[in-house]
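First to last, the sequence lines map onto chains B and C. What the first sequence shows, in the working numbering, is residues 1 to 265, in sequence order. What the second sequence shows, in the working numbering, is residues 266 to 530, in sequence order.
In short, the hints are calculated from the structure, not lab data. The structure presented is a predicted model; accordingly, all values stated were derived computationally and were not measured. Heads up, a few of these hints could be off.
[Stated by the list, open to error] Here are a few chain C residues that sit away from chain B, every Cβ distance over 12 Å (derived from the structure):
hint : residue
1    : Ser343
2    : Arg372
3    : Ala424
4    : Ile470
5    : Ala514
[As the list claims (entries may be wrong)] Okay, the calculated bits of chain B under chain C, using three or more residues with CB under 8 Å as the criterion:
hint : segment
6    : 149-157
7    : 231-244
Yeah, the Cβ is synthetic: ideal placement off N, Cα and C, and Gly gets one too.
2 protein chains.
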Amino acid sequence: MHFSWYCVLNKPNPFEHIRVVLSHTTHPGNIGAAARAMKTMGLRHLYLINPRYFPDAQATAMAAGADDVLSNAVVCSSIDEALRDVVFTVAMTARLRDISIAVKTPREAMPEVLQQAATQPVALLFGTEMSGLTNEEMGKAQLGVNIPSHPDFSSLNIAASVQVIAYELSVAAASFTRVAAETQPASHERLEGLYAHLEKTLFEIGFFNTQNPARLMQRLRRLYSRTRLEDEEVNILRGILTVTTGYNARLKKRYLEEHPDVQQH
Amino acid sequence: MHFSWYCVLNKPNPFEHIRVVLSHTTHPGNIGAAARAMKTMGLRHLYLINPRYFPDAQATAMAAGADDVLSNAVVCSSIDEALRDVVFTVAMTARLRDISIAVKTPREAMPEVLQQAATQPVALLFGTEMSGLTNEEMGKAQLGVNIPSHPDFSSLNIAASVQVIAYELSVAAASFTRVAAETQPASHERLEGLYAHLEKTLFEIGFFNTQNPARLMQRLRRLYSRTRLEDEEVNILRGILTVTTGYNARLKKRYLEEHPDVQQH
């Protein structure tokens, strides 16, 4: 068993770095059932973004002994709060492909989750019962995961999804060997800072005049999420953005000086 | 996806031969959630042995669209009724080892389930919420399956277990190639007939005088379940049993004839 293995070798247990994030869960029973599913596989850290009812007797009943997971659950008012300090976010999706993110199967993805979680916080992000994650939420993730299901009836219960993912994590952990990482991945806040800077810059340089801003930002997020940006790379990119607006401002100023007859608008 | 694959090649879909059998389920919500879990992975045949409440509004609510699985569910009054015509029964167990049966992980076991289900009925047997399967129920199976879980909290919800098993089946089916079977495995009824014959014979020949009958029968079931008896082999074994009692009866008769002074008891 991987659990004892980590204890014996005094290795950090990657499961301690993994948080399950449930966004806008409607039924409290699902929160409890998800907590139970987590605990059966050794996951303990539950984050809840604006749950409709929590705490709730139904949640406790369905937890069936995983009360500690519920009582330690962190209730957040935004996804950015739930992803604080996270360096790798995996978003569950009903789609096999997605415009804003690469999508893998649980079996493909979980070794990567363990690798990232060996040293730093990782989030597994589950959407609301009826409609899953919003595009905005998907855009915060570095990887999408789709549980293969029957095309005629693909709607897994959210706690059932948590169970499958936690189970795959547990099986993957039993044969997991960490590959030493040479680089420091950028945190969620750093990535969001970059995207905000990028969007502002593209607006300032007038790039959005001919493009759909939301769709373009989605594609840029996809591009950068694929690369798994390092902290130092975020510095470099933001440096480029700063220079870009600076250059643009100087250019505009000089143009206006040389062409005093041109109307500003 | 394996579903379209079976359609395209006009192969028999092994999922049509797989029945999920829930024994003495206490909470109707779990029956509904299990039906939903089955349907998401393409399983349709649900058998219920003496459910406490069924049909029930809670089952329907938790099925969340898998109503057809519920309405086609077969309610049985005994395990033998639920296993009628089945040639291969897999029993879920919380134990990693078991005296009466070989135990594998879902990942190891599901390819074998598909292989058997390619041509004939197979059962996946789940016990009651509180205590799982009885020893008698375990004895009806040819293989045990244990979902690896955390040693401190290993109690998966029954619908969550169905989801994990159905998911593993679905993933295994995506890469499944049937190996042509040369033999005809014995059905559940034929095996039970053999065990009853064997027990009666061992009693008649006086073997149970020095042994615990229940425990011995458990060990014999384990032995034969491992071999996956063929139909023809059951004929051979029962033939031996018939001859054994016949021989024993003749021997006893002759002994009594030759020793008229010996008291019968």
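Structure-based check of all given hints:
1. Ser343: 29 Å, holds
2. Arg372: 7 Å, violated
3. Ala424: 7 Å, violated
4. Ile470: Label holds. Min Cβ-Cβ 45 Å, cutoff 12 Å.
5. Ala514: Nearest chain B Cβ is 54 Å from Ala514/C, so the label holds.
6. 149-157: Since three or more residues must qualify, the claim that chain C covers the segment 149-157 of chain B holds, with 8 doing so at under 8 Å.
7. 231-244: Contact hint for the segment 231-244 of chain B vs chain C: violated, 0 residues under 8 Å.
The structure is inconsistent with the numbered hints 2, 3 and 7, although it conforms to all the rest.
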